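All chains should be built: construct the whole structure from the sequences, respecting the hints.
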Amino acid sequence: MGRFLSTFVKTAALFLLLFGALLVFAYYQTPTKNTFSNFLNLPFTGFAIPYLVFIASWAIAYGKHIVFPNKQYVLVIGVMIGALGIATMSLGEIAIDSTPTEWKEVLVNFASLYAFGLIGAAMQLYFLVIVLRYLPFNFFR
Numbered sequence: 416m417g418r419f420l421s422t423f424v425k426t427a428a429l430f431l432l433l434f435g436a437l438l439v440f441a442y443y444q445t446p447t448k449n450t451f452s453n454f455l456n457l458p459f460t461g462f463a464i465p466y467l468v469f470i471a472s473w474a475i476a477y478g479k480h481i482v483f484p485n486k487q488y489v490l491v492i493g494v495m496i497g498a499l500g501i502a503t504m505s506l507g508e509i510a511i512d513s514t515p516t517e518w519k520e521v522l523v524n525f526a527s528l529y530a531f532g533l534i535g536a537a538m539q540l541y542f543l544v545i546v547l548r549y550l551p552f553n554f555f556r
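If you count by the numbering used here, then the sequence shown holds residues 416 to 556, one letter each, in order.
Simulated from the structure, these hints should not be mistaken for laboratory data. You may find that some hints are simply not true.
[Stated by the list, open to error] The following label-pair restraints were derived from C-beta to C-beta distances: (1) R548 x G417: 14 to 24 Å; (2) I481 x M538: 12 to 22 Å; (3) K486 x F542: 14 to 24 Å; (4) A436 x I496: 17 to 27 Å; (5) Y549 x L522: 39 to 49 Å.
[As the list claims (entries may be wrong)] Straight line, CA to CA, 20 Å or less: simulated SDA-like cross-link-like pairs of lysine to any residue: (6) K486 x L420; (7) K479 x L533; (8) K479 x T422; (9) K425 x I496; (10) K425 x P465; (11) K425 x L547; (12) K486 x L533; (13) K486 x P465; (14) K519 x L499; (15) K479 x V523; (16) K479 x L522; (17) K479 x G435; (18) K479 x K519; (19) K486 x G435; (20) K479 x L550; (21) K479 x V546; (22) K425 x A441; (23) K479 x V468; (24) K486 x R548; (25) K486 x L547; (26) K425 x L467; (27) K486 x F542; (28) K486 x L429; (29) K425 x P484; (30) K425 x L490; (31) K425 x H480; (32) K486 x I496.
Being a predicted model, the structure only gives us computed values, none of them experimental. A virtual CB, placed ideally from N, CA and C, is assigned to each residue, including glycine.
Below, the structure written as structure tokens:
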């Protein structure tokens with residue numbers, strides 16, 4: 416498990432650097448900064464980039480150190496954490512007030528977002544693991 420976590424941290428750092436460089440490149444390629452702020456949508460991007468980094472790093476670490484479909488619990492843990500990422504991304508769309516009725520609605524919405532997030536994270540993580548596993552030239556083995 417130590418090698419798995421080590422690979423996960425290394426690939427996560429690499430993907431964060433890659434996305435950071437991509438954002439800097441996009442910033443300097445947009446003609447006006449107003450266009451860039453509309454393009455970036457920071458409340459969404461602030462959660463989307465860590466989510467994408469997590470899913471890609473988890474899939475690479477799993478594909479490198481665990482033979483698919485062994486140790487499914489590692490993938491299930493990744494799916495649950497990924498679902499929290501999707502639910503948190505989507506939660507920014509829900510306004511929270513102090514009335515109990517709206518809190519109940521927020522909790523119901525969060526539960527439905529988490530349920531659909533489980534499906535989305537599972538599809539993305541399993542797809543990435545299978546694609547990385549069956550590439551004709553596997554870089555991660």
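Which of the listed hints are not met by the structure?
-> 7, 13, 15, 16, 17, 18, 19, 22, 28 and 29
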